[in-house]
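*Asks:* Quick mapping for you: the protein sequence lines, in order, are chains A and B.
Residues 0 to 539 in numbering that gives the first Met the number 0 are what the first sequence lists, from first letter to last.
Residues 0 to 289 in numbering that gives the first Met the number 0 are what the second sequence lists, from first letter to last.
Hints in this document: simulated from the structure, not taken from any laboratory.
Positions of the beta carbon are idealized from the N, C-alpha and C atoms, including for glycine.
There may be inaccurate statements among the hints.
[What the hints assert, rightly or not] Derived Cβ-Cβ restraints for the label pairs, each shown as a range:
#1 B:Val16 <-> A:Leu387: 32 to 42 angstroms
#2 B:Glu119 <-> A:Thr345: 50 to 60 angstroms
#3 A:Glu398 <-> B:Phe129: 21 to 31 angstroms
#4 B:Phe144 <-> A:Asp342: 18 to 28 angstroms
#5 B:Glu119 <-> A:Gly341: 34 to 44 angstroms
#6 A:Gly341 <-> B:Phe129: 30 to 40 angstroms
Here is what each chain is made of, one letter per residue.
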Amino acid sequence: MSLLEIEKLDLSIGKFEILKGVDLTIEQGEVLGLVGESGSGKSMTALTLMRLLPDLAHASGRVTFDGVDILGAPEAAMNRLRGNEIGMVFQEPMTALNPVKTIGEQVAEGIRWHAGVNRKDADDRARAMLDRVGLPESKFPLSRYPHELSGGQRQRVVIAIACALEPKLLVADEPTTALDVVLQAQILDLLRDLVDERKMGLLLISHDLAVVADMAERVTIMRHGEVMDSGETGRILTEKAHPYTRQLAEASTHVPERTPLADGRSERPLLEVRDVTRDYAGRRRSLFSKPEPFRAVSGVSFALHEGQSMALVGRSGCGKSTLARMILALDRPTSGSIRLFGDELTTKSENDLRPARRNMQVVFQDPYGSFNPRHKVERLVAEPLHLLETQPSRSERRERVAQALAEVGLSAGDMDKYPHEFSGGQRQRLSIARALITRPKLIVADEPVSALDVSIRAQILDLFADLNSRLGVAYLFITHDLMVARAITDQVMVMHEGEIVERGNTASVLDNPQSEAGKMLVAASPDLERALERRRFARV
Amino acid sequence: MSTEPTSPPVEGAAHFVRAAFSNVSFVTGFATTVLIAAMALVSFMWTPYDITLISIADKQLTPSVQHLFGTDHFGRDILSMIMVGARNSIAVAFVAVGIGIGVGVPLGCWAAARGGWIDEVLMRFNDLVFAFPALLSAIMITAIFGPGAVNAIIAIGIFNVPVFARVARAGAMALWPREYILAARASGKSATLITIEHILPNIASILLVQATIQFALGILAEAGLSYLGLGAQPPMTSWGRMLFDAQTRMMGAPHLAIFPGLAIVVTVLGLNLLGDGLRDVLDPRLRRAR
Numbered sequence: 000m001s002l003l004e005i006e007k008l009d010l011s012i013g014k015f016e017i018l019k020g021v022d023l024t025i026e027q028g029e030v031l032g033l034v035g036e037s038g039s040g041k042s043m044t045a046l047t048l049m050r051l052l053p054d055l056a057h058a059s060g061r062v063t064f065d066g067v068d069i070l071g072a073p074e075a076a077m078n079r080l081r082g083n084e085i086g087m088v089f090q091e092p093m094t095a096l097n098p099v100k101t102i103g104e105q106v107a108e109g110i111r112w113h114a115g116v117n118r119k120d121a122d123d124r125a126r127a128m129l130d131r132v133g134l135p136e137s138k139f140p141l142s143r144y145p146h147e148l149s150g151g152q153r154q155r156v157v158i159a160i161a162c163a164l165e166p167k168l169l170v171a172d173e174p175t176t177a178l179d180v181v182l183q184a185q186i187l188d189l190l191r192d193l194v195d196e197r198k199m200g201l202l203l204i205s206h207d208l209a210v211v212a213d214m215a216e217r218v219t220i221m222r223h224g225e226v227m228d229s230g231e232t233g234r235i236l237t238e239k240a241h242p243y244t245r246q247l248a249e250a251s252t253h254v255p256e257r258t259p260l261a262d263g264r265s266e267r268p269l270l271e272v273r274d275v276t277r278d279y280a281g282r283r284r285s286l287f288s289k290p291e292p293f294r295a296v297s298g299v300s301f302a303l304h305e306g307q308s309m310a311l312v313g314r315s316g317c318g319k320s321t322l323a324r325m326i327l328a329l330d331r332p333t334s335g336s337i338r339l340f341g342d343e344l345t346t347k348s349e350n351d352l353r354p355a356r357r358n359m360q361v362v363f364q365d366p367y368g369s370f371n372p373r374h375k376v377e378r379l380v381a382e383p384l385h386l387l388e389t390q391p392s393r394s395e396r397r398e399r400v401a402q403a404l405a406e407v408g409l410s411a412g413d414m415d416k417y418p419h420e421f422s423g424g425q426r427q428r429l430s431i432a433r434a435l436i437t438r439p440k441l442i443v444a445d446e447p448v449s450a451l452d453v454s455i456r457a458q459i460l461d462l463f464a465d466l467n468s469r470l471g472v473a474y475l476f477i478t479h480d481l482m483v484a485r486a487i488t489d490q491v492m493v494m495h496e497g498e499i500v501e502r503g504n505t506a507s508v509l510d511n512p513q514s515e516a517g518k519m520l521v522a523a524s525p526d527l528e529r530a531l532e533r534r535r536f537a538r539v
Numbered sequence: 000m001s002t003e004p005t006s007p008p009v010e011g012a013a014h015f016v017r018a019a020f021s022n023v024s025f026v027t028g029f030a031t032t033v034l035i036a037a038m039a040l041v042s043f044m045w046t047p048y049d050i051t052l053i054s055i056a057d058k059q060l061t062p063s064v065q066h067l068f069g070t071d072h073f074g075r076d077i078l079s080m081i082m083v084g085a086r087n088s089i090a091v092a093f094v095a096v097g098i099g100i101g102v103g104v105p106l107g108c109w110a111a112a113r114g115g116w117i118d119e120v121l122m123r124f125n126d127l128v129f130a131f132p133a134l135l136s137a138i139m140i141t142a143i144f145g146p147g148a149v150n151a152i153i154a155i156g157i158f159n160v161p162v163f164a165r166v167a168r169a170g171a172m173a174l175w176p177r178e179y180i181l182a183a184r185a186s187g188k189s190a191t192l193i194t195i196e197h198i199l200p201n202i203a204s205i206l207l208v209q210a211t212i213q214f215a216l217g218i219l220a221e222a223g224l225s226y227l228g229l230g231a232q233p234p235m236t237s238w239g240r241m242l243f244d245a246q247t248r249m250m251g252a253p254h255l256a257i258f259p260g261l262a263i264v265v266t267v268l269g270l271n272l273l274g275d276g277l278r279d280v281l282d283p284r285l286r287r288a289r
C-alpha cells in the first residue's frame, strides 16, 4: 500500500470548483513533483491532505495516508497527524516563522507537543535537528530570532520544524521560490538528503519544471484543478506526449526571436557608469563608536549602447537593485559618475533630471505592488507624461495611453479599469506600457518576469524582445534567473558583493563562466535539459 | 515572488455603505453621533426654554413633565442647557481635530517624505509635546492666555498635532518603499505631488478613524477645561461648565450633575464605537478575518 493515496478528489469552496477528480499516490521514500501554474490547485491539494482547508471548503473522494482516512478523521486525530506524521514547508520563510519566538522554541514546540518530552530533551532534539539542516549551535544558538537570520537560513529553520518529528511525508509548497538560485540549490540538496536519510515521502510543489525534473522521480502536472499528465519524470518530460506538458516545457525554455541591432559602438554610449560606489550607514556597535558603513555597490563601471540589451545577474543582496536605483536617479551614489547621453545625473536636482527621466523608465518585479490600487489604468499609465515639457490635453493623453496599451497587446478599452481587474501577466504589460509612454531610450527592468507563470513569462519575454527590435529600446535586465538572461540579452554582467566580477557576451559567459561567482550561479541554476540528461544517465 | 501583501481592491461607495451598515458598532456609533449633532443643530432654532431665562422660583426642580431633566440653581431648564452645551462641546472638539489634522498630517507626511534630520527633528519635537499630559498643558495654556472657548480650542488643538503627525508619518513611511511610489518618482513627480496623489488617499482611512477617536478625546478635554472654569464662560454654557456649577450642589440635587455627565458619556461612547466600526469596515484585513 502506498504512503499517500488520493483518489478522485473533488474540492469546492463555496460555489467554485477547485479540484476535479485528482488522483495521486506517493510511496515511502519517494519524491513526487506536483507542477502547475498559479490557480491550478496544487496548493489546495496539499492543504486538503493536511485538512487545513478554509471554512467553506467541501472535499469529497478518498484521501488515505498510511491507512488513515484523512477526509473522515476527527479533528483530534488530524492534530496528532499534522507535524508528527506529515510535515509542511511553506514558500515564504518570512511569514512561516513567528517573529517573537526564538528558533529554538519554534523547533522544540512541535517536539514537546507531539512527543510529550520535557523541555530539556526537546531542546536537545531541536539542537540536533538545527545542526542537521546546517545551522550548528556554535554559530546559530537556539536563542536566535528569525529576523537575525537570512532568507535561506530561515527556510532551513522551517525545514527543521517540519522534519523534527521525522514525519513519514513532507509537503513542500514552493519551498525555494522566494530564494535566489544558489540558496535554492542548497535547500533542494538539503531536502533531498533528508528524504534519502529518513525514507520520507516528499510532495514537492513547484511551478518550475527544471526544479522538479532535478528532484522528483515521478511528476504530476495539474491545470485548472485537474491532473493533466502524470508518470515517471524522465519519460513524461522527454516524450512530452500530453499537449499541456509540451506547452509547459516549451514555455519554460522559451527563447524569443530577436534580431540584435547593428552594433552602434562608434557612437557615444547611451549610459555610462563609472566607478560608482554606494555606502549605507551601518549599525552602531556602541554609543560612541562610529558606525561601520556597509558598502552595497563598490566601484562599478560599465557602458550601455543604444538598443543594447544587457543583463545584470547575481545573488540576492549583491547590490543589483541598489545599482539600478542609482541609474534611475532614485538614489544617489556615494561616489562615482552616471551619465545618460553624456549628461551627468548624480549631481542634478530633481527638476533638472526631468529630461533624463523621459529617457529612462522602470519595470518592477511585482505586478501587484507596482500600481496604486485606487487609480484607473489611464491615470496609472499616463503618470510619466508628467515629465513632458508641455502637458498634453486630455484627449491627447488618452490617445497616447491607448497607443501604449496597444503596443503591449492590451486594448484601449482597458483604460477605464482598475488594476485589480487584470491578471498578473496583464499587469506586467501595464507596467511596460507605463514605462514606454514617454518613448524612453532605456528601460531598467528589475526581475520583471520572476513573479509570473512560465507561459505568461514566455509571452512577456516575447514582448520585451519585440519592443527592443521595433522601438530600439535598450534594456538593463536585473535578474537572478539565468534562463531569462539567456533569452533576452546580448551582454551579461555578473555581480557579487557589490562588484562586477565578470562581463561579456551572454552566451559565452553563461556557457563558460570564469569567475567563482559566475560558476556558482551557473552550477546552481536549474536547467531542464541538463536535469533530464542526468536522469537518462542515472537510469542507464 | 512578492512578499508584500497585495493591496486591497478598490470597492465602490455602495459596497462601503452596505458593509458599514451591517456592522453593529458602526450603526450604534453613527446613530448616537447623528442624534447628538442633530440636538446641537436644533438648539440654534428651538430649545424648550431660553437658557438665559432665570427664574429663581423654579430653582433646582427635579425632573418632571415641564422640565424633563429638571432645572439648575437659577431655575434654567437643564435639557435646554444640554442642547446648547452640545454646540460648544462639538465646536471645540471639531475645530481642535481640524487643527490637529491641518497641522499634524502635513508635518507627518513631510517627515516621512524627507527622512533624515528633518524627520528626526520633527519627531523628537513631537515626542516633547507628547511628553506632557495633554490636559495639563491645556490648563497651562488657558491659564496663561486667559480662560475662554477660543483658547480652549487652541490648547486642545495643539495636542492633537503630534497624534496626527505620528499616524500620518507611520502610514506614509509604509507606503514610500512601495513600487508604485518608486515608479511615480521615476516619472519625476515631486514628493509633494506624490504625497497628494498616492500617499494621502491611501492613509485617509487610518486618519479618519484617528479623527473620530480624537474627537471624543476633544469633547472630554473641553469638558475637563470647562469643569475647571477655563473653558466656556457664562452666559455661554457647555457640559463641562454645567458639571462645574453642579459640583457644590451635588448632594442636594444630583440631577444637576447626572444629565450633563450622561451627555458626555453617551457622546464619547458613540464616537468611539463609530471609530471602531469605521476601522473594521475600512480595514480589509479585519473584515476578512470575521
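*Asks:* All hints are to be evaluated individually against the structure, with a verdict given for each.
*Replies:* Okay, the hints, checked on the actual structure:
no.	hint	verdict
1	B:Val16 <-> A:Leu387: 32 to 42 angstroms	40 angstroms, holds
2	B:Glu119 <-> A:Thr345: 50 to 60 angstroms	25 angstroms, violated
3	A:Glu398 <-> B:Phe129: 21 to 31 angstroms	52 angstroms, violated
4	B:Phe144 <-> A:Asp342: 18 to 28 angstroms	56 angstroms, violated
5	B:Glu119 <-> A:Gly341: 34 to 44 angstroms	38 angstroms, holds
6	A:Gly341 <-> B:Phe129: 30 to 40 angstroms	51 angstroms, violated
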